[in-house]
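For the record, the sequence lines run as chains A and B.
In terms of numbering that gives the first Met the number 0, the first sequence has 77 at position 78, counting the first letter as 1, and numbering is strictly consecutive.
In terms of numbering that gives the first Met the number 0, the second sequence has 107 at position 108, counting the first letter as 1, and numbering is strictly consecutive.
Hint data in this document are derived by calculation from the structure and do not stem from the laboratory.
Worth double-checking, as some hints may not be accurate.
[What the hints assert, rightly or not] Result set (SDA-like, lysine to any residue): computed pairs, CA atoms no more than 25 Å apart in a straight line:
1. Lys124/A / Tyr21/B
2. Lys132/A / Gln77/B
3. Lys205/A / Thr14/A
4. Lys107/A / Trp4/B
5. Lys124/A / Pro149/A
6. Lys107/A / Thr81/B
7. Lys107/A / Glu158/B
8. Lys58/A / Tyr85/A
9. Lys4/A / Lys107/A
10. Lys205/A / Thr40/A
11. Lys125/A / Ile160/A
12. Lys233/A / Lys205/A
13. Lys125/A / Ile161/B
14. Lys9/A / Glu158/B
15. Lys107/A / Arg8/B
16. Lys125/A / Leu133/B
17. Lys125/A / Gly32/B
18. Lys125/A / Thr81/B
19. Lys111/A / Gly12/B
20. Lys233/A / Gln271/A
[Claimed, not checked] Derived coverage of chain A by chain B (criterion: at least 3 residues anywhere in the stretch with Cβ under 8 Å from a Cβ of chain B; other residues may be distant):
21. 70-84
22. 95-104
We put the beta carbon where it would ideally sit given N, CA and C, even for glycine.
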Amino acid sequence: MIEVKNLVKKYGNFTAVDNISFQAQPGEIVGLLGPNGAGKTTTMRVLTGYMPVTSGSVKVAGYDVTDDSLEVRQRVGYMPEQVPLYPDMTVEAYVLYWARLRRTKNPKQAVKAVLEQFQLLDRRKKLVRSLSKGLRQRLGLAQALVHNPPVIILDEPTIGIDPKQVVEVRDIVRSLRDNHTVLFSSHILSEVEQICDRVVIINNGKIVAEGTTDILGEQTHSDLALYVHIEGDKEQIQGLLQQIPAVSDVQAHESGFIIRGNNDELRHAVMQLIAEQRLELLEMRPIDRRLEDIFIKLVD
Amino acid sequence: MQATWLVFRREIGQYLGSPLAYLMGAAFLLLTGITFNNDLTLSIGNKPLEPALIPSLLASIMILFAPLLTMRLLAEEQREGTLELLLTAPISDSSIVIGKFLSAWAYFSILLALTLIYQVIAVSIAFPDISHVLGSYLGIWLYAGATLAIGTLFSATTENQILAAFLSMITLIVLYFGDAISQIVSNTQLADVMFNLTLRGHFMASFAIGILRAEDLVYYAGIIVIALFIAIQIVSSRRWR
Chain A
0 MIEVKNLVKK
10 YGNFTAVDNI
20 SFQAQPGEIV
30 GLLGPNGAGK
40 TTTMRVLTGY
50 MPVTSGSVKV
60 AGYDVTDDSL
70 EVRQRVGYMP
80 EQVPLYPDMT
90 VEAYVLYWAR
100 LRRTKNPKQA
110 VKAVLEQFQL
120 LDRRKKLVRS
130 LSKGLRQRLG
140 LAQALVHNPP
150 VIILDEPTIG
160 IDPKQVVEVR
170 DIVRSLRDNH
180 TVLFSSHILS
190 EVEQICDRVV
200 IINNGKIVAE
210 GTTDILGEQT
220 HSDLALYVHI
230 EGDKEQIQGL
240 LQQIPAVSDV
250 QAHESGFIIR
260 GNNDELRHAV
270 MQLIAEQRLE
280 LLEMRPIDRR
290 LEDIFIKLVD
Chain B
0 MQATWLVFRR
10 EIGQYLGSPL
20 AYLMGAAFLL
30 LTGITFNNDL
40 TLSIGNKPLE
50 PALIPSLLAS
60 IMILFAPLLT
70 MRLLAEEQRE
80 GTLELLLTAP
90 ISDSSIVIGK
100 FLSAWAYFSI
110 LLALTLIYQV
120 IAVSIAFPDI
130 SHVLGSYLGI
140 WLYAGATLAI
150 GTLFSATTEN
160 QILAAFLSMI
170 TLIVLYFGDA
180 ISQIVSNTQL
190 ADVMFNLTLR
200 GHFMASFAIG
210 ILRAEDLVYY
220 AGIIVIALFI
230 AIQIVSSRRW
240 R
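Working from the sequences, and respecting the hints, build out all of it.
The following block contains the structure:
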């Protein structure tokens with residue numbers, strides 16, 4: 000459905016996207032993950048036919064974005080990071096406008112269906128300007144889905160809305176899986192982990208890692224991080240922890256320490272230390288950072 | 000074509016749906032009404048009614064009015080980010096620009112049509128030269144099309160509406176008064192060329208005095224085509240930037 004091969008996008012001398020390749024299959028939700036300015040939005044803009052490629056080939060729904068731009072645009076639903084709205088239109092007229100521009104069959108019916116799906120039907124006569132941020136986000140999604148495109152591209156759809164609405168949007172995105180290919184960008188790791196089947200991590204315009212969330216998660220598990228809080232003098236305890244052979248790194252964190260080291264031995268070694276030194280353990284828990292860990296490691 | 004129509008329909012809805020449209024319409028009728036009434040008073044027993052009165056007045060008013068009507072068209076879409084969505088819709092860039100331009104022209108046409116009421120009054124009390132009147136209306140209609148196309152062009156250049164209006168006003172002033180410089184130079188041939196490049200040079204010397212010339216039609220149509228062509232290129236250039 001989405002096929003990106005050696006995509007390069009330059010703005011003048013600045014290379015925003017540097018030779019990236021990835022694919023997304025039908026029925027798959029792919030997360031595009033990276034810090035701000037990594038090239039996520041640029042990649043999406045190329046995929047939607049908004050910007051031409053500098054070099055490389057990009058195919059969406061079987062059509063090349065350079066040669067068959069109109070065919071691609073017909074088959075893509077796009078929600079930019081800032082939901083573009085016409086404040087003076089009613090909710091219904093706004094969605095109907097986009098439905099018609101994209102030559103939807105039975106536009107009125109399609110609009111009604113999508114407004115119902117996003118629980119906007121009772122607000123259809125309201126002006127767009129009167130909607131709250133969360134409703135605007137839903138309207139942005141409705142606009143992107145009204146022509147029932149096979150490919151949906153969402154640029155940071157959960158930014159700037161409250162936690163309840165974030166959950167709502169995530170549920171909606173997840174529900175799209177069955178009939179669509181979704182490319183979803185975010186810089187929130189846990190979100191991508193929850194929603195996406197596969198993750199493409201990019202930084203400075205390059206792909207630094209790609210794979211299913213499980214595979215990416217496993218990579219960090221060989222190197223476990225534990226939070227331990229032990230009663231007593233901090234410096235003395237830090238010294239003791241550092242002496243454990245299985246521990247590779249000790250960092251002060253909150254009122255205790257984060258220790259890293261070999262997954263299999265770490266916990267035993269800590270318990271042994273406590274028993275031997277007759278220390279009092281107040282808290283010990285694994286720090287499950289998974290993607291975040293890889294992410295920071297890769298991005299640094 | 001269909002996309003042009005859809006863009007046009009949305010835009011004309013914006014013009015007619017805002018209270019500002021009716022305020023402008025009222026101001027338009029007030030101004031032209033006072034002018035007509037003055038001419039009527041002066042004319043009683045002295046001279047025939049001036050056939051191109053309203054179109055001649057509008058020729059100078061369009062310098063200010065056209066930028067105000069068009070500044071919103073593309074600048075607002077850029078500011079709100081909706082242009083990005085339009086450019087990713089399966090429609091051509093030209094249908095966006097042309098649809099918007101036509102909506103401004105159509106809105107102006109409605110306002111212009113309202114002033115025909117003065118001609119109805121004129122016909123009912125005197126014997127105006129109808130063909131002269133209609134010729135001047137055709138002239139101002141084309142003239143307005145050219146000024147609105149220039150306004151559309153500058154609306155495409157920036158996301159700042161005020162700046163867009165300002166730039167198109169300056170351009171229209173230069174195009175309107177451009178021949179003033181020809182009055183300073185003593186070269187009459189040059190002066191003639193300059194006059195023929197200005198907006199009013201193709202109105203005051205022909206439509207306003209009851210002459211219909213092909214070159215004037217070509218001049219205004221040419222300005223519309225060139226301005227819209229540049230506007231389309233500017234919109235498309237957002238893809239390369």
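Here's how the hints hold up against the structure:
| no. | hint | in the structure |
| --- | --- | --- |
| 1 | Lys124/A / Tyr21/B | holds (23 Å) |
| 2 | Lys132/A / Gln77/B | holds (20 Å) |
| 3 | Lys205/A / Thr14/A | holds (10 Å) |
| 4 | Lys107/A / Trp4/B | holds (17 Å) |
| 5 | Lys124/A / Pro149/A | violated (29 Å) |
| 6 | Lys107/A / Thr81/B | holds (21 Å) |
| 7 | Lys107/A / Glu158/B | violated (32 Å) |
| 8 | Lys58/A / Tyr85/A | violated (31 Å) |
| 9 | Lys4/A / Lys107/A | violated (38 Å) |
| 10 | Lys205/A / Thr40/A | holds (13 Å) |
| 11 | Lys125/A / Ile160/A | holds (20 Å) |
| 12 | Lys233/A / Lys205/A | violated (42 Å) |
| 13 | Lys125/A / Ile161/B | violated (29 Å) |
| 14 | Lys9/A / Glu158/B | holds (23 Å) |
| 15 | Lys107/A / Arg8/B | holds (16 Å) |
| 16 | Lys125/A / Leu133/B | violated (44 Å) |
| 17 | Lys125/A / Gly32/B | violated (38 Å) |
| 18 | Lys125/A / Thr81/B | holds (19 Å) |
| 19 | Lys111/A / Gly12/B | holds (21 Å) |
| 20 | Lys233/A / Gln271/A | holds (18 Å) |
| 21 | 70-84 | holds (count 10) |
| 22 | 95-104 | holds (count 6) |
The structure does not agree with the numbered hints 5, 7, 8, 9, 12, 13, 16 and 17 stated previously, though it agrees with the rest.
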